[in-house]
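Enquirer: Residues per chain, in single letters:
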Amino acid sequence: MGQITLDGTVKDAISGERLLFASVFNEASGVGTVTNEYGYFSLTLPLDTVEITINYLGYQPKVILIHKGNVNDVEFNLQQESNEVGVVVINVKRTPQEELHKSTQMSAIQIPVKDIRNIPSIGGETDVIKVIQLMPGVQKGGEGGTGMYVRGGDVDQNLVLLDEAPVYNIGHLFGFFSVFNQDAIKDMTLYKGAFPSKYGGRLSSILDIRMNEGNVTEFHGKGGVGLLSSRLMLEGPIKKDKGSFMIAGRRTYIDQVFKWIGSLMPYYFYDINAKLNYEINSKNHLYISTYVGDDLLRFDQSELEEDALFNFGFTLGNVTGTARWNRVINDRLFVNYSLIYTNFDYNITGKFEDNSLFISSSINDYGTKADFEFFKNSKHKLKYGALAVFHQFRPNIINSQGDVEEFVSTDRGDFLGTLETGAYFQHIYSPDSSKWDFRTGFRLSGANVKEKNYGGIEPRLSVKYDLDSNSNLKFSYSMMRQYMHLVSSSTVALPTDLWYPVTNSVKPQVSHQAAAGYSYFHPKLKTQFSVETYYKYMTNLTEYKEGANLLLNDDFESELLQGNGDSYGLEFLIKKDLGHWNGWIGYTLSWSKRYFDALNGGDPFFAKYDRRHNLSVVQNLKLSKTWSFGGVWTFSSGARFTPQTGLFGMPNAGLTGVDWIPVYSKRNSVSMSSSHRLDVNFVWKSKDLEKFRGEWHFGAYNVYNRATPWRIEVEEDGNGGFKYVQPGLFGFIPSVAYNFEF
Amino acid sequence: MKILFKILCVAIILWSCRPEPLDVKLDEYEPQVVVSSQVIPNYLMVVGLTRSFTILSSAGFNGGGGNATFENLLIDSALVTISSLNGTDTLFKLSSGLFVSLKELAMPGGVYNLKVVDYGTGKTISANSTMLQNVPLDTVIPSLNLEEEEDTSINLMISFIDPKEIENFYVLSVYSRNSNTTVLDINLFFENGSNKLEYQELIEDRNSDSDTIKRVFTLKNVKTSDSLMVSLSNISEGYYSFLKSRERSGGFLSELTNEPINYPTNINSGYGYFNTHNPSFRFFDLKFLLD
Chain A
1 MGQITLDGTV KDAISGERLL FASVFNEASG VGTVTNEYGY FSLTLPLDTV
51 EITINYLGYQ PKVILIHKGN VNDVEFNLQQ ESNEVGVVVI NVKRTPQEEL
101 HKSTQMSAIQ IPVKDIRNIP SIGGETDVIK VIQLMPGVQK GGEGGTGMYV
151 RGGDVDQNLV LLDEAPVYNI GHLFGFFSVF NQDAIKDMTL YKGAFPSKYG
201 GRLSSILDIR MNEGNVTEFH GKGGVGLLSS RLMLEGPIKK DKGSFMIAGR
251 RTYIDQVFKW IGSLMPYYFY DINAKLNYEI NSKNHLYIST YVGDDLLRFD
301 QSELEEDALF NFGFTLGNVT GTARWNRVIN DRLFVNYSLI YTNFDYNITG
351 KFEDNSLFIS SSINDYGTKA DFEFFKNSKH KLKYGALAVF HQFRPNIINS
401 QGDVEEFVST DRGDFLGTLE TGAYFQHIYS PDSSKWDFRT GFRLSGANVK
451 EKNYGGIEPR LSVKYDLDSN SNLKFSYSMM RQYMHLVSSS TVALPTDLWY
501 PVTNSVKPQV SHQAAAGYSY FHPKLKTQFS VETYYKYMTN LTEYKEGANL
551 LLNDDFESEL LQGNGDSYGL EFLIKKDLGH WNGWIGYTLS WSKRYFDALN
601 GGDPFFAKYD RRHNLSVVQN LKLSKTWSFG GVWTFSSGAR FTPQTGLFGM
651 PNAGLTGVDW IPVYSKRNSV SMSSSHRLDV NFVWKSKDLE KFRGEWHFGA
701 YNVYNRATPW RIEVEEDGNG GFKYVQPGLF GFIPSVAYNF EF
Chain B
1 MKILFKILCV AIILWSCRPE PLDVKLDEYE PQVVVSSQVI PNYLMVVGLT
51 RSFTILSSAG FNGGGGNATF ENLLIDSALV TISSLNGTDT LFKLSSGLFV
101 SLKELAMPGG VYNLKVVDYG TGKTISANST MLQNVPLDTV IPSLNLEEEE
151 DTSINLMISF IDPKEIENFY VLSVYSRNSN TTVLDINLFF ENGSNKLEYQ
201 ELIEDRNSDS DTIKRVFTLK NVKTSDSLMV SLSNISEGYY SFLKSRERSG
251 GFLSELTNEP INYPTNINSG YGYFNTHNPS FRFFDLKFLL D
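If you read the sequences in order, they're chains A and B. Sequential numbering from 1 applies to the first sequence in my numbering. Sequential numbering from 1 applies to the second sequence in my numbering.
In short, the hints are calculated from the structure, not lab data. Ideal Cβ positions, reconstructed from N, Cα and C, are used throughout, including at glycine. Where hints are given, some of them may not hold.
Claimed, not checked - Here chain B is said to cover these stretches of chain A; the calculated rule only asks that three of the stretch's residues, wherever they fall, bring their Cβ under 8 Å from a Cβ of chain B: (1) 124-137; (2) 387-393; (3) 637-651.
As the list claims (entries may be wrong) - Result set (DSS-like, lysine-lysine): computed pairs, CA atoms no more than 30 Å apart in a straight line: (4) B/K123 to A/K666; (5) B/K25 to A/K545; (6) A/K723 to B/K196; (7) B/K123 to B/K244; (8) A/K240 to A/K283; (9) A/K666 to B/K164; (10) B/K115 to A/K593; (11) A/K369 to A/K242; (12) A/K545 to B/K164; (13) A/K507 to B/K115; (14) A/K376 to A/K114; (15) B/K287 to A/K545; (16) A/K507 to A/K545; (17) A/K186 to A/K114; (18) B/K115 to A/K666; (19) A/K222 to A/K524; (20) B/K196 to A/K666; (21) B/K25 to A/K593; (22) A/K376 to A/K507; (23) A/K186 to A/K435; (24) B/K196 to B/K214; (25) A/K545 to B/K223; (26) A/K723 to B/K123.
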C-alpha cells in the first residue's frame, strides 16, 4: 500500500498569518496532526488516496483530495467564518479544545486571544492573564493582581514566554494590569502539568504566548480607547505575500489628563510590541520580535514650585527580543533556531537638597536554542532540542550622596552569573487502531553558579486510553527543576521583586507531579467535560525567616530558608467553544501545604493562597445582530492570613521602659471570608463602514459591590469596642471603551 | 493647595466606590502569662510576670500604651517557684509583677524549672533553663575623645575569652547613668530608671576563629559626668534567638516590611523567656578618665 506524506503550512487566507494548532486530519481514519507553533505540519499516512480536512476555530474548513505521492511545501489558506462579535459558527470539524482532548496532552488550556475579547475586566481592559486566572487549577493572588498560583505552587514558579523570551514581570501598576496587549497576541497555551519535554525551568506552569505576525497582504490596524488606556496596532506587508510587520502600542494617559487640568499625577505605563516576519522561501522563514514596556513615576517638585529641591522617580519594566529561523529540512523534519534576550530592571532615583539616592536592580538573559520536530509517520513523532541561557543578575546597586549616605551606603552590588542549559527528547507514539497513545520523554537540565553545578534528568510521561470515540482517560507524570527564585516580602507588595539565582547553599527547587483525568467531548455540541486530579510534591521551596528584612538587603541567603510543600486537588471543566452561547464553567477543590522546620514552630502550615474552593462561570451570549454580552461570576474561598491577635509588654533592652511585642496567629492559620463577584460587559457593534468597524463596550466590575478581602484589620466598632474587619480593594467600577478595526 | 484639593477629590471619588468591609470573627483571645527574668548578684533570681492582652482593645489598637497600661497588666497575685536538684524555692513578691528568690541559685550547670500559677486567671505555666558558665570580661579599656567642650565620646575596647569546647552565644551591653556620684553597684545603677543603653550586641562564637573575642566601638553623646556599666552574659541559643527576634522587629520600617514574627519562647503556654544567664559586670566612671 502506498504512502502519502503531506507537509506545509496553514494560514489565514486574508492576513497570511500562520494558524497555530490547526487540525490536519483524515476523517475516515481519524488519524491526523496539528500545526506546530509556527503553523507547520507534516503528516504521513499509509493510504493511496486520502481526503484531508484542515480546520481551525473561526475558519471555514477545507477539504482536499491527495493522490499517491508526496505533497510538499503546500500552503492551505483558510477563510474566516464570521466577524461577528462573540460568535463562532458551528461549522468546524475540530476545535483546538477537541484536538487537546484527543491528544495525550492533559492539564493544558489553549486560548486563542480573539475568543476572550468580550470577557469583562477592571476598567474595561481585556487582560489575558485575568482570563487565565478563570481557569480551573489557577488561583489568583490579591484582588485585581496578575499573580498566578497554579496547582498550589508559588508565584515565581510560572514561566511566562512571549515568543519564547521569558517575561519576568507580567504586571503593570503593582500587578493590576498585565503587560500583554491583546491586539498584539495571537495565541496562548497554559500548561499546568504533563509538561512537554521542551519546557522546563519552573515548577508549576508554563504560559506560552505567541505574538501576531502581521498581515502579509494588506495594511490593517486595530485599537481601542478606554478609560485607563488606549492602544493601537498596525500591521501590513513589507513585501507582499513574503514579509510583514506588526507594531502595537498601549499607554495609560491619566498623567496627561491631570496635566491638562493643571494638576499632577506623574505615573503612567506603556507597552510596545513589534514583530517582523519574512519568508525567504518555502523552506526558510525568519522572525524578529520584541517587547518593551515600563511603569514610570516621575515627580519633580520644581514643576509645581520654582526652586524646589525635591524630585523622585521610579521605573520598572521589561525588554524582550527574539530572532528565530524556521527551517524545513525535509518533508518530515522541521527545526527552529532562536536567539533570545530578556531584561527586567527597576530604578529608583531621589534627590532632596544636597542628598541623592539611586537604586537599581536588573536581570538579563542571553539565550540560544534549537528545537527539532521529526514527523516520522502517523504513529511516531519525535521532538528534541537543546538550549543555553546565561542569566546575569545585578541586585541592589546603590549610589547615595549626602547625609542619606549615613543610612543607605553606596554599594556597587553583586554581579551574579548563572549558565542554565538543557537538552530534551520526546517521543509521541500513537499506534493505529489502538486505544492507547503514549508520550514519553525526558529533559536534562543544569545550572552552573560560581563553583557549584546543579542538574539532573527530568522524566516526562503522558498516557491516553480511549474509552470510546468521544471519551478517554489520561495519566501523566512530570519532574521539573527551577534554578532561580523571587525575593519578595509577603507583608508589603512592593514592585521591587528581585529574581535571584541558586547559590552554593540555596539549592534548586524540584517538583514531582502526577495527574489523572477523564475527558468527554460532545462531537455535535463541541463541548468538553473534563475532570482531573493531581498531586504535586515540591522540595527546596524558599521562604524567609520570621522577621526577615528584604528591603535593600544584599545578604538574602542568610534570610532564606528551604523546605518542602505539597498540593493536591480536583479540577472540573465544562467548556463550549462554539455557537451563540459559549463559555466555560470551571471548579477547583484544592489543598496546598508547606513544611519548614524553622517556621511556624516546625508545624505544617497552609500556603498563603490555599483557597479551598474556586468556581468560575464565564459566558458569552449573542443577544442580537448588534448586541452581545459577556459575563463572569467567580466564587473563591478566602486566602490565608496571619493576623495579629494580641500584644504583651516586656522591659526594653535598656531597662528604661516597655517594648510592646505583637502576637500573631499561627502562620496562615486564618482563612479570610469567601469572595464572589459578578463582572459584565455589553458590546454594541456600530454600523460597519467600508473599511472601518467599531464596537462599544459598556462594562461593570463588581456589579453588586461586594468586598474581596485582602487582609484583616482592626477598627472601632462604633460601640466603644473594636472588631476585626476584612476590607476589599475595588468596589463597583463602571467602564466604557471603544474598539475599532480598519 | 489647589493641586492637593483636586487629588483629594479624585481620591474621595475613587474611595467612595470601595465596598463595605466584611466582618470576621476570630477565636476569642485568651490572655497568657508573660515571663521575663534576670539573675542578679549574688545569684538571686528576679522574675517579672505580666499578662498579654487582645488587640481588640484600646491599648491593642494603639499598639500598646504607656506605663499605666503596663502596670495594669502586672500579675499581682501568683505562686512562683523555681525547682532544681537542690530543692524548690518559692519566690516572694517584691512588688506587683515582680518576684524574687530568697535563696541563691546553685552554681552553673544546674537546670532550673520555673512554675507559675496565676491566681488571677488560674493559668499555670512552666519553663526550664540551664544556667550556663559565667564568662567574665577580660579587658575593658575606655579612652576618652574630648571633641568639644560639652560633646564627649569614648572608645571602648572589650575582650573576653571564649570557651571553645561548646558553641556559645553572648549578649554584650553598655549602659550609662548620669549621676554626680560614682555608681559602681548593679542594684544602684538601675535605680530610678535614669540609665540608658548605649550599646548592645548579640554575639555567636561560630563567627570567631580565635579564643579571644574582641570588640572596639565608639560611644557618642556620653557626658563626663556619666558612669558606665559593661555587662557580658553567656546565654543559651534559645534566648539568643529570642533577643535576635526583638532586634529584627524594632522600628517602623521593620514593622512595615518585615515578615510577621512570633517570638520564640521557652514558656509552656505563655510568652517571654525564662533565662538563668549570669552576667559579669565592669563599672567605671568617666570623671576618672579626665584625670
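Enquirer: Would you mind marking each hint as holding or not holding in the structure?
Expert: Evaluation of the provided hints:
1. 124-137: violated (count 0)
2. 387-393: violated (count 0)
3. 637-651: Per the Cβ count (10), the hint holds.
4. B/K123 to A/K666: holds, 21 Å
5. B/K25 to A/K545: Holds, at about 28 Å.
6. A/K723 to B/K196: violated, 38 Å
7. B/K123 to B/K244: holds, 28 Å
8. A/K240 to A/K283: holds, 18 Å
9. A/K666 to B/K164: violated, 37 Å
10. B/K115 to A/K593: Cα-Cα ~36 Å, so violated.
11. A/K369 to A/K242: Holds: A/K369 and A/K242 sit about 25 Å apart, inside 30 Å.
12. A/K545 to B/K164: The hint holds at about 28 Å.
13. A/K507 to B/K115: Cα-Cα ~44 Å, so violated.
14. A/K376 to A/K114: violated, 33 Å
15. B/K287 to A/K545: violated, 45 Å
16. A/K507 to A/K545: Distance of about 17 Å is within 30 Å: holds.
17. A/K186 to A/K114: Roughly 8 Å separates the two Cα atoms, so the pair holds.
18. B/K115 to A/K666: The hint holds at about 25 Å.
19. A/K222 to A/K524: violated, 34 Å
20. B/K196 to A/K666: Not OK: B/K196 and A/K666 at ~35 Å, beyond 30 Å, violated.
21. B/K25 to A/K593: holds, 24 Å
22. A/K376 to A/K507: With Cα atoms ~39 Å apart, A/K376 and A/K507 exceed 30 Å; violated.
23. A/K186 to A/K435: violated, 33 Å
24. B/K196 to B/K214: Within the cut-off at roughly 23 Å; holds.
25. A/K545 to B/K223: violated, 40 Å
26. A/K723 to B/K123: holds, 26 Å
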